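Single-letter residue listing:
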Amino acid sequence: MSRNFLGMKHLKKEDVENIVNRAYQYKNNSSLYKNALKDKNIITMFFENSTRTKTSFTLSAKKMSANVIDIDYQKSSMQKGETDFDTITNLDAMHPDAFVIRHFHSGYPAFLSKFTDAAVINAGDGICEHPSQAILDLVTMFEVKKDIENLNVCIVGDIINSRVAKSHIETAKMFNWNLSFYGPKTMLPKQEWIENIKIEKDFESAINDKDFIMLLRIQLERKSGSNLPSLSEYSKFFGINECNIPKDTHIMHPGPVNRGIELSSSVMDNSEYALITKQVENGVFARMAIYDFCLN
Amino acid sequence: MSRNFLGMKHLKKEDVENIVNRAYQYKNNSSLYKNALKDKNIITMFFENSTRTKTSFTLSAKKMSANVIDIDYQKSSMQKGETDFDTITNLDAMHPDAFVIRHFHSGYPAFLSKFTDAAVINAGDGICEHPSQAILDLVTMFEVKKDIENLNVCIVGDIINSRVAKSHIETAKMFNWNLSFYGPKTMLPKQEWIENIKIEKDFESAINDKDFIMLLRIQLERKSGSNLPSLSEYSKFFGINECNIPKDTHIMHPGPVNRGIELSSSVMDNSEYALITKQVENGVFARMAIYDFCLN
Amino acid sequence: MSRNFLGMKHLKKEDVENIVNRAYQYKNNSSLYKNALKDKNIITMFFENSTRTKTSFTLSAKKMSANVIDIDYQKSSMQKGETDFDTITNLDAMHPDAFVIRHFHSGYPAFLSKFTDAAVINAGDGICEHPSQAILDLVTMFEVKKDIENLNVCIVGDIINSRVAKSHIETAKMFNWNLSFYGPKTMLPKQEWIENIKIEKDFESAINDKDFIMLLRIQLERKSGSNLPSLSEYSKFFGINECNIPKDTHIMHPGPVNRGIELSSSVMDNSEYALITKQVENGVFARMAIYDFCLN
Chain A
3 MSRNFLGMKH LKKEDVENIV NRAYQYKNNS SLYKNALKDK NIITMFFENS TRTKTSFTLS
63 AKKMSANVID IDYQKSSMQK GETDFDTITN LDAMHPDAFV IRHFHSGYPA FLSKFTDAAV
123 INAGDGICEH PSQAILDLVT MFEVKKDIEN LNVCIVGDII NSRVAKSHIE TAKMFNWNLS
183 FYGPKTMLPK QEWIENIKIE KDFESAINDK DFIMLLRIQL ERKSGSNLPS LSEYSKFFGI
243 NECNIPKDTH IMHPGPVNRG IELSSSVMDN SEYALITKQV ENGVFARMAI YDFCLN
Chain B
3 MSRNFLGMKH LKKEDVENIV NRAYQYKNNS SLYKNALKDK NIITMFFENS TRTKTSFTLS
63 AKKMSANVID IDYQKSSMQK GETDFDTITN LDAMHPDAFV IRHFHSGYPA FLSKFTDAAV
123 INAGDGICEH PSQAILDLVT MFEVKKDIEN LNVCIVGDII NSRVAKSHIE TAKMFNWNLS
183 FYGPKTMLPK QEWIENIKIE KDFESAINDK DFIMLLRIQL ERKSGSNLPS LSEYSKFFGI
243 NECNIPKDTH IMHPGPVNRG IELSSSVMDN SEYALITKQV ENGVFARMAI YDFCLN
Chain C
3 MSRNFLGMKH LKKEDVENIV NRAYQYKNNS SLYKNALKDK NIITMFFENS TRTKTSFTLS
63 AKKMSANVID IDYQKSSMQK GETDFDTITN LDAMHPDAFV IRHFHSGYPA FLSKFTDAAV
123 INAGDGICEH PSQAILDLVT MFEVKKDIEN LNVCIVGDII NSRVAKSHIE TAKMFNWNLS
183 FYGPKTMLPK QEWIENIKIE KDFESAINDK DFIMLLRIQL ERKSGSNLPS LSEYSKFFGI
243 NECNIPKDTH IMHPGPVNRG IELSSSVMDN SEYALITKQV ENGVFARMAI YDFCLN
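Protein chains in written order, with the numbering used here: chain A, 3 to 298; chain B, 3 to 298; chain C, 3 to 298.
There's no promise every hint is true.
Since the list gives no way to pick out one identical chain from another, each pair is judged satisfied if it fits inside one copy or across any two copies.
In the DSBU-like style, the derived pairs of lysine-lysine whose C-alpha atoms are separated by at most 35 Å in a straight line are [claimed, not checked]: (1) K64 <-> K29; (2) K249 <-> K116; (3) K29 <-> K187; (4) K64 <-> K77; (5) K187 <-> K249; (6) K187 <-> K36; (7) K187 <-> K64; (8) K64 <-> K192; (9) K192 <-> K15; (10) K280 <-> K36; (11) K36 <-> K116; (12) K200 <-> K36; (13) K82 <-> K249; (14) K116 <-> K64; (15) K116 <-> K203.
Keep in mind the hints are simulated off the structure, nothing from the lab.
Here the structure is a predicted model, which means the values were calculated and not measured.
If we strip away everything but chain A, and leave its shape as in the complex, we get:
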């Protein structure tokens, strides 16, 4: 029996804890994962550009001895007018064990999961969720704090368009975080869809007494920049640099970082509190643990 990995919203707290613990074990003992996916066949489909997430899902599957088949949608029969639905049901007929899907439509992996017995793994859907990023963030938080309960976390930036923020709204409920948002008003959610999430009034309160500050990427390629007067203004009021970095607060970012906008190069490359590289490193183990959850 396989299980889907569609979003933090769909997971139980116990499942998330198990995945995070498993990832941490994998990081410390490679014998636990080698051959764990022998004879499993995993199809990856990325309808949006990706380096980190796609490479991470591919590498982790191969490290576990799975077969990975990537579908290049630009050379697929979708170019002949075949619908996504038919493409998937056809691939499903070949009985892969899992689909790893990134799609520009919110809810697309959940939709597909109704038509396949294979595990569906959400690698990012529209402006909805990016749950494997949430897991790797949790692994990283656990690594530096040895606990993921009751944390003080502020997410800074383009909240509305961020699937990472959406996933962490769920994480915050699960682990009783004190979660707050900070950013330009044009990038903040309207009150109605936030429960128990504070909107920080100014930079000082945003960084005050936080265990982790998560910076979000200004998604220039999606024109989230159009919600901004200017990038230099954003950097001045919402960016972290060597002058305003808070003490004893870890800085996270899902990447790719716009250097000098969300985060200065000097902090990113030199500060021990900048966890960006560690997040990417843990991403491989997080995805392994996700495969283990789905397939074993």
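Fit chains B and C to the known structure of chain A by using the hints.
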């Protein structure tokens, strides 16, 4: 010694029977194929878009433990003006065990086979043949009828441009089928290249007393549509739907289906006689058996 | 501990000898390399089109049982504006064992090697070096002459833009070759950067008493053709064909050959002295030996 798989025209009846039987055995016993291609290196080259065929050939090779190397012709030295011939002879010098090739030129795989010791597997050439589709159709027919001799089969649609139809003209001879064609006159072959193949006069006779009706795709991307007055007219006179579906007749289609044109969604998704998904499923085992024929 | 393979300039003579010998051993005994890279993870990144080199590096890694992950830069986060540097440091955080990189910027692999613990393998950088081509040339020379010391070698063609020529300037120093260049004046280096390399005055002296003549590709895709009055003139004065081919001299070419320009088809396909196909064949073993040098 390796053997080519260039077309039904090039195969003996005995070979085809062995391949079909082998595929059927593989479907029922995975231990027969695991590791069967260990240390074999297979190069795939698709000069036309494909989902089903390419994924199926890739997946089946990996399930048999082969190494698969895909050549993306758009990023190859062909972009520097290297000829196909030189590209192939160069790849041949690396001593792969097989080439799987789809090309828009008819006869291309047969041409290449003269210049390489590797097995050449035709994954579709121009408007000539699509022999692996013919094999998977035979596997599917065997699965539902337990016999592939003396069948009554009608192929409906764009016969002239169909490589599936070309392959089945050979299959029909081999297995003594009563094969007929039906479609708009602009899509039917001239009398001279059909032997023993009846052209059906009307829809009633086309569907009458058939074991299998094979619907062909209107290849909109190849402008086969230009031979039609309109798609709705085609659908009305040549499409299968819940109102005109014949009793006890299996419906096949090589895919991707243009829903509502060759076949209605209600029949495709609900009828037990619609074999489209089963064809795709059997495609994986058919390709495994083809590799086995070529390489073992 | 891993070692880089950045260029002939960076290697000791002893290292080069070991790599060449290893490749030659591999060619004669496949049991030496199977499983030699088990559980190693190799990332390939090609920022320029390639068939031979990319396929060769991929195939050789898979033959040694490594995992290979290819980054398609056109679908990577570089499309979101991420810098090459950040892409690499992020990939580095996933702890691959080696990067195989072709880039249009000279010195790019050496630059990257400063920011990763993984082995960096140069698969061609700008107009600088193409060291794996130099190694496979040496393997091929060793195969036909049983010695790579004190050879008489003339390189003919677009020297200035050739990374193969740059690599062999270093090889010549290492193995005490009598190396000369010949080509149109617009394609020859200025005196200041050649030490001990003769510029041949005419075709007769270029081909006289040589063990090997290496023809270089007119890189039409890089507009090296703009340094030429015409291709037919180039062919007439600098091309090798059945009429002017010297006796007992081996003809090499890194490929892809512009047939009829640098080399006539009749010589390329029929002469036992044309080593082009053998070079490609040896390329697989050369790259295996390079991996072995870097990772074992």
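Check K200 against K36 for me: Cα-Cα at most 35 Å, and say if that holds within a copy, between copies, both or neither.
Neither: 43 Å inside a chain and 56 Å across chains, both beyond 35 Å.
How would you classify K192 and K15 at a CA-CA limit of 35 Å: within, between, both, or neither?
within (27 Å within a copy, 68 Å between copies)
When no copy is named, should K116 and K203 be tagged within, between, both, or neither for a Cα gap of at most 35 Å?
Answer is neither: 43 Å inside a copy and 42 Å across each miss the 35 Å cutoff.
Treating 35 Å as the Cα threshold, decide for K36 and K116: within, between, both or neither.
For K36 and K116, the Cα distance is within 35 Å both inside one copy (31 Å) and across copies (30 Å).
35 Å Cα cut-off: does K187 pair with K36 within a copy, between copies, both or neither?
neither (47 Å within a copy, 58 Å between copies)
Give the relationship of K187 and K249 under a CA distance limit of 35 Å: within one copy only, between copies only, both, or neither.
So K187 and K249 pass the 35 Å test inside one copy only (26 Å; across, 64 Å).
Within a copy, between copies, both or neither: which one fits K82 and K249 at a CA-CA cutoff of 35 Å?
between (56 Å within a copy, 31 Å between copies)
How would you classify K29 and K187 at a CA-CA limit of 35 Å: within, between, both, or neither?
neither (40 Å within a copy, 59 Å between copies)
With identical chains, the pair K116 and K64 could be close in the same copy or across copies; at 35 Å between alpha carbons, which is it: within, between, both, or neither?
both (27 Å within a copy, 27 Å between copies)
K249 and K116: within-copy, between-copy, both or neither at 35 Å Cα
The answer is between: 30 Å across copies meets 35 Å, while 47 Å in one copy does not.
Up to 35 Å CA-CA - K36 versus K280, copy category:
both (22 Å within a copy, 33 Å between copies)
Same-copy or cross-copy closeness of K64 to K77 [CA-CA at most 35 Å]
So K64 and K77 pass the 35 Å test inside a copy (23 Å) and across (20 Å) alike.
Of the numbered hints listed earlier, those contradicted by the structure are 3, 6, 7, 8, 12, 15.
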